[in-house]
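So the protein lines, in turn, are chains A and B. The first sequence begins at 38 in the numbering used here and counts up by one. The second sequence begins at 314 in the numbering used here and counts up by one.
Treat the hints with care, as some may be off.
Far from chain B by the CB rule (all over 10 Å, computed), these chain A residues [stated by the list, open to error]:
1) 76
2) 260
3) 338
4) 365
With the Cβ distance kept under 7 Å, some of the chain B side facing chain A (calculated, not the full set) [stated by the list, open to error]:
5) 478
6) 480
7) 495
If you are wondering where the hints come from, they were derived from the structure by calculation, not from laboratory data. Using N, Cα and C, we set each Cβ at its ideal position, and we do this for glycine too.
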Amino acid sequence: MASPIYPFVAIVGQTALRASLCLVAADPRIGGLLLFGRRGTSKSTAVRGFAELLPEIEAPEGCPIQCLPGEPLGLCRACENGGRPRPARVRAPLVTLPLGAAEDSVTGSLDIGRALAEGVRAFEAGCLGRAHRGVLYIDEVNLLEDHLVDLLLDAAASGTNVVEREGVSVTHPASFLLVGSGNPQEGEIRPQLLDRFGLSVRVETLAREDDRVEVARRRIAFDQDPGAFDLSWRGRSAELRERIAAARARIEKVALPDSGLSTVARVAARLALEGHRGEIAWARAARALAALLGEAEVGLPHLAATAALALAHRLPQDVLDPQPALDRLAEAVEEALAFPGGGDLLSRSLGE
Amino acid sequence: MILTKDDLLADPERAALLALAVHPKLAGVALSPDRFEERIAELSLWLPPGEALLRVPAAARASDLLHAERLPGWEKEAFLARAAGRIVTLAHPAGLDPAARALLLSSPVRIVAPMDREDVPRGGWPLLSPRSSSPADPVLALRERLSPPEPDPSIAAAVHAARLALPEVRFEEKAWAALAGVARRLAPGALGDGDGRLVSAARALAAWAALLGHPSVGEGLVERLGDIFPLRESAPSTACPERASHPYPPRDALEPPEDAGDVAKAAPPELPAVAPSLGKGRRSPGETGREGRVLYHRRPADRRPRIDVAATLRRALPFQRLRGTPAGARPHIREEDLRVAVRRRRSGAVHLVVLDASGSMGGERVRLGRGAALALLSEAHLSRESVGLIVIGRGEARLAVPPMRAPERVRRAVLSARATGGTPLPRALAIALEAARRAKAPVSVLLVTDGRANLTLAGDRDPERAGVEVSRLLAGLAALGARAVVLARGSDGPAREFAERNGLPLIAVHPLHGFTR
Numbered sequence: 038m039a040s041p042i043y044p045f046v047a048i049v050g051q052t053a054l055r056a057s058l059c060l061v062a063a064d065p066r067i068g069g070l071l072l073f074g075r076r077g078t079s080k081s082t083a084v085r086g087f088a089e090l091l092p093e094i095e096a097p098e099g100c101p102i103q104c105l106p107g108e109p110l111g112l113c114r115a116c117e118n119g120g121r122p123r124p125a126r127v128r129a130p131l132v133t134l135p136l137g138a139a140e141d142s143v144t145g146s147l148d149i150g151r152a153l154a155e156g157v158r159a160f161e162a163g164c165l166g167r168a169h170r171g172v173l174y175i176d177e178v179n180l181l182e183d184h185l186v187d188l189l190l191d192a193a194a195s196g197t198n199v200v201e202r203e204g205v206s207v208t209h210p211a212s213f214l215l216v217g218s219g220n221p222q223e224g225e226i227r228p229q230l231l232d233r234f235g236l237s238v239r240v241e242t243l244a245r246e247d248d249r250v251e252v253a254r255r256r257i258a259f260d261q262d263p264g265a266f267d268l269s270w271r272g273r274s275a276e277l278r279e280r281i282a283a284a285r286a287r288i289e290k291v292a293l294p295d296s297g298l299s300t301v302a303r304v305a306a307r308l309a310l311e312g313h314r315g316e317i318a319w320a321r322a323a324r325a326l327a328a329l330l331g332e333a334e335v336g337l338p339h340l341a342a343t344a345a346l347a348l349a350h351r352l353p354q355d356v357l358d359p360q361p362a363l364d365r366l367a368e369a370v371e372e373a374l375a376f377p378g379g380g381d382l383l384s385r386s387l388g389e
Numbered sequence: 314m315i316l317t318k319d320d321l322l323a324d325p326e327r328a329a330l331l332a333l334a335v336h337p338k339l340a341g342v343a344l345s346p347d348r349f350e351e352r353i354a355e356l357s358l359w360l361p362p363g364e365a366l367l368r369v370p371a372a373a374r375a376s377d378l379l380h381a382e383r384l385p386g387w388e389k390e391a392f393l394a395r396a397a398g399r400i401v402t403l404a405h406p407a408g409l410d411p412a413a414r415a416l417l418l419s420s421p422v423r424i425v426a427p428m429d430r431e432d433v434p435r436g437g438w439p440l441l442s443p444r445s446s447s448p449a450d451p452v453l454a455l456r457e458r459l460s461p462p463e464p465d466p467s468i469a470a471a472v473h474a475a476r477l478a479l480p481e482v483r484f485e486e487k488a489w490a491a492l493a494g495v496a497r498r499l500a501p502g503a504l505g506d507g508d509g510r511l512v513s514a515a516r517a518l519a520a521w522a523a524l525l526g527h528p529s530v531g532e533g534l535v536e537r538l539g540d541i542f543p544l545r546e547s548a549p550s551t552a553c554p555e556r557a558s559h560p561y562p563p564r565d566a567l568e569p570p571e572d573a574g575d576v577a578k579a580a581p582p583e584l585p586a587v588a589p590s591l592g593k594g595r596r597s598p599g600e601t602g603r604e605g606r607v608l609y610h611r612r613p614a615d616r617r618p619r620i621d622v623a624a625t626l627r628r629a630l631p632f633q634r635l636r637g638t639p640a641g642a643r644p645h646i647r648e649e650d651l652r653v654a655v656r657r658r659r660s661g662a663v664h665l666v667v668l669d670a671s672g673s674m675g676g677e678r679v680r681l682g683r684g685a686a687l688a689l690l691s692e693a694h695l696s697r698e699s700v701g702l703i704v705i706g707r708g709e710a711r712l713a714v715p716p717m718r719a720p721e722r723v724r725r726a727v728l729s730a731r732a733t734g735g736t737p738l739p740r741a742l743a744i745a746l747e748a749a750r751r752a753k754a755p756v757s758v759l760l761v762t763d764g765r766a767n768l769t770l771a772g773d774r775d776p777e778r779a780g781v782e783v784s785r786l787l788a789g790l791a792a793l794g795a796r797a798v799v800l801a802r803g804s805d806g807p808a809r810e811f812a813e814r815n816g817l818p819l820i821a822v823h824p825l826h827g828f829t830r
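Only chain A is shown next, with the shape it has when bound in the complex (with noise of 0.2 Å):
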């Protein structure tokens, strides 16, 4: 399965979709991504190649949920007798969660190749268990089976992952980025889900004619070599991969004064939103895209382009037209910030 994978960087347009997943990893703490789009938006390839740009984290060797050193969970064969394995420098793992996946490859269950073998009650990790302190995405979430659905609630609700089953009783922390994608025209996302997503993207088709040649081109050139394609690419996704390491390092000293915060609060209010989620991923968004952007501290820019981003998919919303809901956050983010949309300070944190 080691097919090549399109490098992140060589993705035309889509600016807000890039940035987005460049902020979240800068603050995973922003709480997942929904790209929201029509099939063969790149929503998919900009997520796989994102991947490659994951800061590296520290994890026991052979871990397969990467837990912290220095906390062994008996779980697997390396520290389930005691041992203390050496920790490695690992890029943090990007697991897939498929559509229509058993319960057990998502929480995890019984290893039956050891219990066949070996007649010992090994624990196999899942899904969850294996994107913890990395990405899961979810491609088509919206088709999600509903009692997946409920798994990953619970998971991502509590950072844990309880398994009860078949003679395994487990729980290990699955703390993980909830990136998931899809087509809302085939079908809609649980409420209770899609309060988890920190931010959304409507992934639009490019509009430009150049550039829907420019993405067959690079598309073409890609088939043919792969690899070449990639090293020509190699030197924007290494700048790429420091900055995001760069925002992440820095960005609890990123500072987020009160009057932003002032402003964060006045729009939730006026747009009427339930909860205050959206205004936390709002003001994390913020911070992130300050970090990114090398600043010290967050400026109403920050929030205005951000704005879109962390309250978009949590507006009451017009059945039959979404976009007038839209226009009023977008009203309301100007008045409130005395300051018309962010600019292009999403492309500018992408190091375009």
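Start from chain A and add chain B according to the hints.
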């Protein structure tokens, strides 16, 4: 062996299939259903022995495609694992579960499926749709079908050579310049539905260049796309074509299942006993499929059970010493150990409310419809049934709320409906039909409409054709066992006429006295 351009262009469907055989990254080809079986028989002759065509199991669910079955001495590889990198045939694209479809489309397989050509793009299928190649002369077509041409073994050699040449094929700069312009002239959906259109076209062009023995794709070859794919009928409009597209495959939806017409005639839907309750949800009995929560395990009742491995082992392992299994050896599993999981999925009846808020309905009718929909909603909520809402308005039909048990959302959606625009009732019914097909419980459809449909599936203003489409779609719903009912004021002539014409029961509503029959 190299093909000539004439060979290639003579038969568009064949040309598309040849490209598919050559280029591993094409998503697939949609063929006219007319000669589907012959086409794939021919295609299979071009493929090397290790790449035989695989059939996607009919009515497969996502889990059927994804999971392997493994027990000591019995292994079955998952369909998608077997199919990776291969070409698969999908004989019934409309019957495929949406999750299975999404899974299939995101897997590294190439799909060949029969689909009827329609002027509307087929939602959600990124497949190349070449022109249908049947000769225009019916006698000639018949003759051709009676004696299909002998398969030409040299084509297999050409495909093989083209695969080797493919990585070397380059694109001339002029070809890129021409590509967007030519693609714009093609019919919507010809290159599949989605933004990958130009990528698909470029891949097919590279494959054809390789088949023709050309070192590069030139402008001339790009221009020939119009010979292989159908052209737009009118001048390309500036409107975004996606706007007009429809979330479900409309033509497939329009096609009622076999003998649907007879079913509709023979058994008109039952009258509901009490309006507006349209039939209670049944608890789905436990089933041994792969989806849903596990209730308990039991011994399999049928011949080809879906064994639950863990439960079977749990049953067998304590007996190993009795059965004399040496330590560390594979356990002995006997037939009486086999266990299947009995699962339960969410169920409960599904009510689909089609709320016509088009111009012809006028303010009063829409208010009435809103009230009726809200009454149904609170009733359904009490009995834990789900309600979906399809709203017609502004000349469009949308699945405003898919069937769910979230009364607040449906309520908000209902209240926001206002009367405007034309009446694409056929499109609304196509959405209802698709939703009914996906529902895993009894379905009822409540039509709050005057029945004056005037927009066809294709979006044309043609009341007559729209009426025919409505009848066919209603027959399709009836064939699925869904019950449809019209809800209108008793004095509403057009609605009454519409119900009578289609053999549907009418629930008369009086604004002061509530529901009557």
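Here is what the structure says about each hint:
Distance check on residue 76 of chain A: its Cβ comes as close as 4 Å (rounded) to a Cβ of chain B, failing to clear the 10 Å threshold; non-interface status is violated. A cut-off of 10 Å between C-beta atoms contradicts the statement that residue 260 of chain A is not in contact with chain B; the least separation is 6 Å. The beta carbon of residue 338 of chain A sits about 30 Å from the closest Cβ of chain B, which is more than 10 Å, so the claim that it is off the interface holds. At roughly 14 Å from the closest C-beta of chain B, the C-beta of residue 365 of chain A stays outside 10 Å, upholding its exclusion from the interface.
Against a cut-off of 7 Å between C-beta atoms, the interface hint on residue 478 of chain B is violated, since the closest Cβ of chain A lies about 11 Å away. Hint on residue 480 of chain B holds. Least Cβ distance to chain A is approximately 5 Å, under the 7 Å limit. The criterion of a C-beta within 7 Å of any C-beta in chain A is not met by residue 495 of chain B, whose closest approach is roughly 11 Å, and the hint is violated.
Against the hints set out earlier in the document, violations occur for numbers 1, 2, 5, 7.
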